[in-house]
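Enquirer: Residue-level listing of the chains:
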Amino acid sequence: MSDLGNIVKKEVREMLTPTTIVPVILVAFLFGAMGNMIGGVTEEAKKKPTIGIIDEDNSFLSAIVTGVLREQANVVYSSTNGADVSEGLQKVEEEGGAALLVIPLDFSENIYENHPGEIHIRWIMNGMGTMDLVPTQVVNVLIQVINQEISKKLVEENSPVNPDVVINPIAKSETTIFKGKEMVGLSPEVISGALSSQSITIPIIMMMIITMAGSMVISSMGMEKENKTLETLLTLPVKRNYIVIGKIAGSAIVGLLMAVIYMVGFGYYMQSFQISGVNLADFGLTLGLQDYFLVGLSVFATLFAGLSLCMVLGTFAKDYKSAQTLILPVTLLAMISMFVIMFKDFGTLPPVLKVIMFLIPFSHPMMAMRALMFDDYLLVLGGIVYVVIFAAITIAVVAWIFKTDRLLTERTKMRKGGAKFLRGLFGRFGR
Amino acid sequence: MLAVDVKDLVKNFGNIKAVDGASFDVHEGEIFGLIGPNAAGKTTILRIVSTLLQITSGSVKVLGHDVIKEAEKVRQLISYLPEDAGAYKNLTGRVYLEFIARFFGDGGKTKKIVERGMEIADLGERIDDKVRTYSKGMIRRLLVGRALMTEPKLAILDEPTSGLDVTNSQEIREIIKKSVKRGATVLLSSHNMLEVEFLCERIALINNGKIVEEGDPLRLKKKYRARNLEEVFTKVVS
Chain A
0 MSDLGNIVKK EVREMLTPTT IVPVILVAFL FGAMGNMIGG VTEEAKKKPT
50 IGIIDEDNSF LSAIVTGVLR EQANVVYSST NGADVSEGLQ KVEEEGGAAL
100 LVIPLDFSEN IYENHPGEIH IRWIMNGMGT MDLVPTQVVN VLIQVINQEI
150 SKKLVEENSP VNPDVVINPI AKSETTIFKG KEMVGLSPEV ISGALSSQSI
200 TIPIIMMMII TMAGSMVISS MGMEKENKTL ETLLTLPVKR NYIVIGKIAG
250 SAIVGLLMAV IYMVGFGYYM QSFQISGVNL ADFGLTLGLQ DYFLVGLSVF
300 ATLFAGLSLC MVLGTFAKDY KSAQTLILPV TLLAMISMFV IMFKDFGTLP
350 PVLKVIMFLI PFSHPMMAMR ALMFDDYLLV LGGIVYVVIF AAITIAVVAW
400 IFKTDRLLTE RTKMRKGGAK FLRGLFGRFG R
Chain B
0 MLAVDVKDLV KNFGNIKAVD GASFDVHEGE IFGLIGPNAA GKTTILRIVS
50 TLLQITSGSV KVLGHDVIKE AEKVRQLISY LPEDAGAYKN LTGRVYLEFI
100 ARFFGDGGKT KKIVERGMEI ADLGERIDDK VRTYSKGMIR RLLVGRALMT
150 EPKLAILDEP TSGLDVTNSQ EIREIIKKSV KRGATVLLSS HNMLEVEFLC
200 ERIALINNGK IVEEGDPLRL KKKYRARNLE EVFTKVVS
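Residue numbers (numbering that gives the first Met the number 0), protein chains in the order written: chain A, 0 to 430; chain B, 0 to 237.
Misleading hints may appear alongside valid ones.
Selected chain B positions facing chain A (in silico; Cβ < 8 Å) [said to hold, decoys possible]:
{"hint": "1", "residue": "SER49"}
{"hint": "2", "residue": "THR50"}
{"hint": "3", "residue": "LEU51"}
{"hint": "4", "residue": "ILE54"}
{"hint": "5", "residue": "GLY57"}
{"hint": "6", "residue": "TYR79"}
{"hint": "7", "residue": "ALA84"}
{"hint": "8", "residue": "GLU230"}
Computed list of lysine-lysine pairs in DSS-like fashion (alpha-carbon distance at most 25 Å, straight line) [what the hints assert, rightly or not]:
{"hint": "9", "chain 1": "A", "residue 1": "LYS178", "chain 2": "A", "residue 2": "LYS46"}
{"hint": "10", "chain 1": "A", "residue 1": "LYS320", "chain 2": "B", "residue 2": "LYS135"}
{"hint": "11", "chain 1": "A", "residue 1": "LYS238", "chain 2": "B", "residue 2": "LYS135"}
{"hint": "12", "chain 1": "A", "residue 1": "LYS227", "chain 2": "B", "residue 2": "LYS129"}
{"hint": "13", "chain 1": "B", "residue 1": "LYS129", "chain 2": "A", "residue 2": "LYS402"}
{"hint": "14", "chain 1": "B", "residue 1": "LYS152", "chain 2": "A", "residue 2": "LYS227"}
Here are some, though not all, of the chain B residues that point toward chain A, as calculated from beta-carbon distances under 10 Å [said to hold, decoys possible]:
{"hint": "15", "residue": "GLN53"}
{"hint": "16", "residue": "LEU80"}
{"hint": "17", "residue": "PRO81"}
{"hint": "18", "residue": "LYS88"}
{"hint": "19", "residue": "ILE155"}
{"hint": "20", "residue": "GLU170"}
Bear in mind the hints are in silico, worked out from the structure with no lab data behind them. All residues carry an ideal CB built from backbone N, CA and C; glycine is no exception.
This is chain B alone, in the form it adopts within the complex (with noise of 0.2 Å):
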């Protein structure tokens, strides 16, 4: 089964079109890239299969259910993780993770998800501060956590390493790696080129709400002839 199905997606604000016919699928187990500039559509495909935005046309799937007509059961099998998202500045990590977990399950399971939480978010004693007095590397990593507690079946992670230094970038990717050994798919977006070559079997990649060219990193460069994939996206788009 795919874990997710895109197929002529069309998403309109008012007279703008932020996504024009957008089809990909992204197969269970893999880590799947969309791939484009900034305003080319990503956050708004990563939002309606987080069930975030209606469409405008086409269908989206995860794991065989329509986001809009089984918006609800498919927000049991996915875990969202906005660009620049935040958490409750008035709660300890450990609290916060707590009340993200309590949706999860009761008693020892919630008690599981927020210690595998705690491991991945890797914060040491500072999970017992409040959110406020983190820096912001250690909220991504509080919120990467979050994300990958609850063993999504798919993770829907949007620019996972947006504004980390190197060392932070680089323990968030391999968390992320991890958790698609551990079962999960993770459909992603980033500006970052080596980030998403590093990581992503499949990448798609998206300008104008269009989805211009798809496959596996490795075939599209050999394809283009670039040397990486700021080349190819560069070759593609002229």
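Bound-form chain A, shown alone (with noise of 0.2 Å):
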């Protein structure tokens, strides 16, 4: 082998270890899944929604309306009389749809008499994600279509209504229906925005959280390797219980403090975005004392929760520069309940994404403050128990890998199985 070629392959050695791939394999992974999830929003666009009809007015123009859903929504239920409303928001409920629009009596003599004929929309909201507000955006495409036919339709006839009225024939009258409370006045796109701060901002935020304690930890673990300060640490008169705890603790701390400076930027951020100037305590969407604390003590037992992980992680760190790709896995975990919460209500998730959801403890304070608002207390206690569960079986974990050799020559007793399958886990994230 020439010289050249003996150098490019030892720095190809060099570079090419796990330490290096697996981090690359992590972030694909991710983009692959964030593509399939922005594929599902494109297939659910593509999806015609489901609604139901009742057209009261049943005159040439309601025809047009009615004719342009039949042709373009999934109609579920259609019925000509007004008394139906609850029928027919069960109907269309039952069968997963969107919502029911009811076109008044009055509906085309308020356009001949130049003003816009009403719709009444009652949404049926199902989730507060970017995918489950799909279905009302592709019913609202719907009646700018139906604005327009009717729109041409005055022009042919060469009616003498107002132009304002034969540019915008149609206006819409709003009621929301989510989680069991009726929101007058209110589209599914406004109450969405006006909680951005639950499906966008705490998501973001507990990410970092989680991202930054957890780095500390691991770091920390690296570190007193690299340093060789741990042999000295296990051997002092101090309980192995403390010294975990300690150094979970420590990095709590710190990692809060550094997320509390970034979500005060962030919150600045996020508030230009809001435009909706909706007051949802008006709507009953506000939390009593006793949701705050059970959304402190769900961010509490979480943090808790992931930096044990992080330590479990953090023993496998051989150096500080190790310590840092062995955060990715926890990172990913993190990202993929931000993102799902983003796109999807738990409620409307797929069973097995619904179970993952519930699995990933860090799933549990980004959806508290949404399910509190709406009063799905089960969700956030029973998420709260599991949480607490996974922290102390992660922090029993630790303690036992803490009385064990692992930390200081990377192996512990265990079964054949056991230790390949650890080995294969975690075991090579470190080198």
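Take the two lone chains and join them into the complex the hints point to.
Expert: Have a look at this one:
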């Protein structure tokens, strides 16, 4: 082999290690998962929305409305009687539909009398994620199509209607039903916008807290090993559990402090996007003292669980550099939770994804505030109980590792299969 | 009472037998040296005595306490100085000593321990500089100060003068001797046979995880008709 070839071979060997490859694979995996989700949104948008129609007007113009809707949507309920609203809503809800559109008796009359014809839309909102809002957006597009069709018809008829009404013959009056709450005058988009801090800000901040504090714990373990201070620490007359809990608590304090600083900046950034001006308290969407307590408990328990998980990973760190790589699985889990919650509500997820999301401890504080706003205490309390159990088991694992030779020798007494599995899972990360 | 009592100690790392049936004892108030080549098992034995590693079989007692069953009690009696150990780089020497001292007492007791540590380390005004600015010799002196400031019943020193120049090495040897006069027992390991001859009252020669010879250096030299411990070791191993 030539000298040049020899040097190239050495460089490739030095650089192409699991430490450099694994992050790239994980990022590629994440992009792939995101691509699938975005693809899912596109697919959802192509689907016909499921709706119900009540045409009380039963006129020539209302026939245009129902005609467009029948052609472009999946109509699961149809009636001409205004008294059937409850029945219609029930049917649409059963079919997983998006809205019940009611064309009132005076629809055509209003238009011909120079007032926009009002369509009453009862939105059935299933969730606040981006994907949950897709059917609503499709129905809104259909309303625009209807608007154009009626406009065209009025022009063709040479109708003496006011030009403003000819251009915009339709008006919407909207009521949204979400998790049992009826919000008159609000569309799902407005509600989603007003709750964007619960949908976007909180998941991002939680992800930051977990990643930062987690990185502190893992780096601390890596540095203890790199600086050869761990052996001294472990021979001091202090309980091993105190070392574990001390490291977790110290990292949590520093991580939280950093997250608060980020949170202030990010809060201002997100405020610039909020344009709805809707006071959610008017619709009963507020949190009480006990709700805030539960959110705090969920955040605290999750932080503790996350940091305990990081401690387990930290024991595999050989030095500071390898520690940086070991945070990736935790970041990945937090990012999965964050993206899924942005795209979908827990309630509208497919069962398998629901289980996965529940099992990832980081999902729970991300979902807690929104769930509590709609009185979903079962999800929040169940989540807290799960996260506490997760944290307890993980801390027990860390305490066990601290009592074995693992920390100093990267070996633990374990049955062949278990050792092989763990080595496969983590062992190579640190190299 | 024996300061250290090691009986039929075996330590395996997977298929590797790091310690293979080693037995020796260290008396209170003596300096005992473990001597052997690299990978002979010296550090593994010291780590076991320091409660850092589990044992495969056999038993190890420190001042009558089992290192596995009574690990927390043993940690109150010992002080361990690992080879190539470091200190927290972002702390000053003084803050590092204070951090360690707080595990051994509060208030006035902590202050006394730190003062003793500073006296042993003898770093002058540099004690208030960050550890990251220290030379290798200064870090080692700080760590020796840390190890001996608590006046442990048993000081376990792994290659105490490793990587140090002649002057620093001599100073550290003197510090170790002084600590024994104050009542400590020292168990140390070293490659440096001269150091061992100078320091140790008794030694154990270790090779491939086995204790191959034990006794006081003078007697061993006589027994093997050797000029120094290096020759003793070569003759014993061959």
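Enquirer: It remains to establish, for every hint, whether it holds in the given structure.
Expert: Hints versus structure:
1. Using the Cβ-Cβ criterion of 8 Å, the hint placing SER49(B) at the interface with chain A is satisfied: the shortest such distance is roughly 5 Å.
2. Here the hint on THR50(B) is kept, as its CB sits about 6 Å from the closest CB of chain A, short of 8 Å.
3. Hint on LEU51(B) holds. Least Cβ distance to chain A is approximately 6 Å, under the 8 Å limit.
4. Hint on ILE54(B) is violated. Least Cβ distance to chain A is approximately 10 Å, over the 8 Å limit.
5. Interface hint status for GLY57(B): violated, as the beta-carbon distance to the closest one in chain A is roughly 16 Å, over 8 Å.
6. Proximity of TYR79(B) to chain A holds as hinted, the smallest CB-CB distance being about 4 Å (cut-off 8 Å).
7. Hint status for ALA84(B): holds, given a least beta-carbon distance of 5 Å to chain A, under 8 Å.
8. Taking 8 Å as the C-beta cut-off, the interface hint given for GLU230(B) is violated, the closest approach to chain A being about 33 Å.
9. Proximity of LYS178(A) to LYS46(A) is assessed by CA-CA distance (about 24 Å); at most 25 Å being required, the pair is judged to hold.
10. Pair hint LYS320(A) plus LYS135(B) holds up; C-alpha atoms about 22 Å apart against a cutoff of 25 Å.
11. Straight-line distance between C-alpha atoms of LYS238(A) and LYS135(B) comes to about 30 Å, which puts the hinted pair past the 25 Å bound.
12. Among the hinted pairs, LYS227(A) with LYS129(B) is consistent with the structure: their alpha-carbon atoms are about 17 Å apart, no more than 25 Å.
13. The straight-line distance between the Cα atoms of LYS129(B) and LYS402(A) is roughly 31 Å, outside the 25 Å bound, and the hint therefore fails.
14. Distance hint between LYS152(B) and LYS227(A) is fulfilled; the C-alpha atoms sit about 24 Å from each other, no more than 25 Å.
15. The interface hint given for GLN53(B) is met, as the beta carbon of that residue sits about 6 Å from the closest beta carbon of chain A, less than 10 Å.
16. For LEU80(B), the interface hint holds, since its Cβ comes within 10 Å of a Cβ in chain A; the closest pair sits about 8 Å apart.
17. Here the hint on PRO81(B) is kept, as its CB sits about 4 Å from the closest CB of chain A, short of 10 Å.
18. Interface hint at LYS88(B): satisfied, since its Cβ lies 6 Å from the closest Cβ of chain A, which is below the 10 Å cut-off.
19. At a threshold of 10 Å, the smallest CB-CB gap from ILE155(B) to chain A is about 8 Å, leaving the interface hint in force.
20. Given the 10 Å rule on beta carbons, the hint for GLU170(B) is violated: about 21 Å separates it from the nearest Cβ of chain A.
Comparing the model with each earlier hint shows violations of hints 4, 5, 8, 11, 13 and 20; every other hint is respected.
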